[in-house]
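Going down the list, the sequences are from chains A and B.
Counting along the first sequence from 1, when you hit position 94 you're at 94 in the working numbering, and nothing is skipped either side.
Counting along the second sequence from 1, when you hit position 117 you're at 117 in the working numbering, and nothing is skipped either side.
Not one of these hints is a red herring.
DSSO-like cross-link-like pairs, simulated, lysine-lysine; straight-line CA separation at most 27 Å:
id, chain 1, residue 1, chain 2, residue 2
1, B, LYS140, A, LYS61
2, A, LYS147, A, LYS66
3, A, LYS66, B, LYS140
4, A, LYS88, A, LYS141
5, A, LYS147, A, LYS100
6, B, LYS86, B, LYS112
7, B, LYS160, A, LYS66
8, A, LYS12, A, LYS70
9, B, LYS160, A, LYS61
10, A, LYS108, A, LYS147
11, A, LYS70, A, LYS141
12, B, LYS86, B, LYS100
To be clear, the hints were calculated from the coordinates, so they are not data collected in a lab.
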Amino acid sequence: MNNENILKILEKNNGNQGGLISVLEEIQTVYGYLPEDALRIVADRTDNSLVDIFGVATFYKAFSLKPRGKHIIMACLGTACHVRGAPKVVDEFEQQLGIKAGETTLDKEFTLETVNCLGACALGPTVVVDGHYFSHATLSKVKGIIKNTLEGLDTIDIKTDKRVFPVEASCSVCNHSLTDSTYLIDGYPSICVTVSFGRKKGWLRLSSLYGSLNFASEHEVPPDSLSHYFCPYCRKELLSISNCPECGEPMAAMWVYDGFTMHVCTRGGCKGHMLDLNQTSGNLLDALFRTDR
Amino acid sequence: MINLTINGLDVSVEEGTTVLEAARFFGFPIPTLCHNDGLTPLGACRLCVVEIGEEPGTNLVSSCTYPAEEGLKVRTASERVIRSRKMILELLLASCPQSKIIQDLAAAHNVKTQRFKQEYEDCILCGLCVRMCTEQMMAKAIGFSGRGENRRIGTPFDIKSDVCRLCGACMYICPACQLRCTYTEPEKAICGACANLSPPCLEKEGFNDMMCYMSPCVACEIKKD
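One chain only, chain B, in its complex shape:
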């Protein structure tokens, strides 16, 4: 067992546990985007940054790839961590404003502005589809190609792959294509409509039977209380 401190709480976890798994197990939420329990961690989105070490000389690391170490001091929600997470969300919004997952994360982290040049690339290179294709579908049909700003995901030579079975797992897991945010002002990066919406279903009859696309649904949360 490895003993470490997460947000001041002394905990012990098994060897080989990542900081993210440990923090989540003990109830400290860390937002993630490129992390999926069935896939190997990649550390591409950097949203799961945590602060490790002691002042002065703390480090920001991605918790999904950082293994728990003996005596490690972790802070999951320090000022520096929150600031970097907001910055990362702004950058993600700048490259893919039409992802509902990113918009929800931005709303949850109270990101109000997006200060970068707005682009509509859609792919954020999180690598979920590549790992899904390789590890779960055993196909290896898509992968990264190019480098730097030319890095992108696709099949070799951009033609239909021989090994692709059209299973659709890549689209299923993609945070950019799975759920689209169809907000009305494309020049404004931040939608926030879902977060600011007054729950529409509360006053309706047959509330329990309604199909609701919101997760977590504000109305359901209020009703539970």
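The shape of chain A in the complex, shown without the other chains:
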């Protein structure tokens, strides 16, 4: 276990009275569970005693003291799901995975958990895998859900998914368009920026479809390394004031649609990206208000 990770999390929440739950949440995000040594470090470094931390960690069902699998399957056993046959779905999961509810498969791929209500009673029986909701789960769907999960739930079908749309990006410093129509990704002109990581420097072409995570790079970006994004025209760094919502690392900012800011996480392998509607330029705000009236 890496102590530095935990110290970093503690430092981030330093001086935050009553920040114990957020510290534990972050530790659980990193490790998937709460390791005993991590709790001891938290007890050493904060005012909380180990007893209190253990009490909080066992009180909330969201925390787990046992290692959990890569994918967490939560089957709802609330009243509405129960009468629609959720117990049979859970049985089917138990059979397919060869584990009982609350256990983890030997290959550490799946953890099966039952919860009492997910708040989606009308869609019951509900099954949630890694934050993806599967409604009206039936015995025949179980196998498909497991297969889908193994193939990856985050892959987006860019042709059919409505959450994907093309954007036109420009430098947040000189406002020069970054669109490169000579290099196509996903069938659309790509967004071209210069990146540097370590001692290497080269071009990086991102898909201009917002939501698509496809990209091409001159050098292979090693995972977890932080890189700097530059405008290829004015050579200024594309700095963002926001940190990645997924991993907390710095992001790079570009303007899209005449003033909205698009943020992309600069950590290799991280999928964090967001559109910021607050940092709009004055022109766009004016235009919006004019159309409203």
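Fit chain B to the supplied structure of chain A, relying on the hints for placement.
Okay, now just chain B, sitting in the frame of chain A:
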């Protein structure tokens, strides 16, 4: 000073006094189990319930945690209070029949039946040991963990705690382990032997020197009269 009425008697107490302290000070007995003068009140056992307010719309509150308020009307032994106390004792008996303290309380409150499913969990989660460890021993070696029916008291990760000094204060204060009622019929929840015992020491010689485990001792009370 705060003026309140306890069982119809107008009294005044200092600010910050709990209803339990006030009632005891003016001579109204309230039974307690999880209360200890040296520890912060927790209100876990609910045995100290009193009725506050006026009809209709009275409330049952735990007097050990309820601060005295101006104009508060308290009844410490109304029918409703007695009924709830008996119910609480029945529930305590259902979870821990082997505690002499609970058996004595049940006998004192004339609890004759126990209508719940009999269990032998022993720990009644009164939290006395946790507070003792934290507040008096400054150790924080044991605490509550889990939630609901899985709530229990123990050390973190159920291994020997680094901060435990084996002082034994937790066992000293525990109403379940301190004194055991070793009655002969375990399937019957209520023992009542001590309460129904004819004082054994009265006829004996050297009565004054005898070691007696009964508190209060019936014989001594009779002899005093």
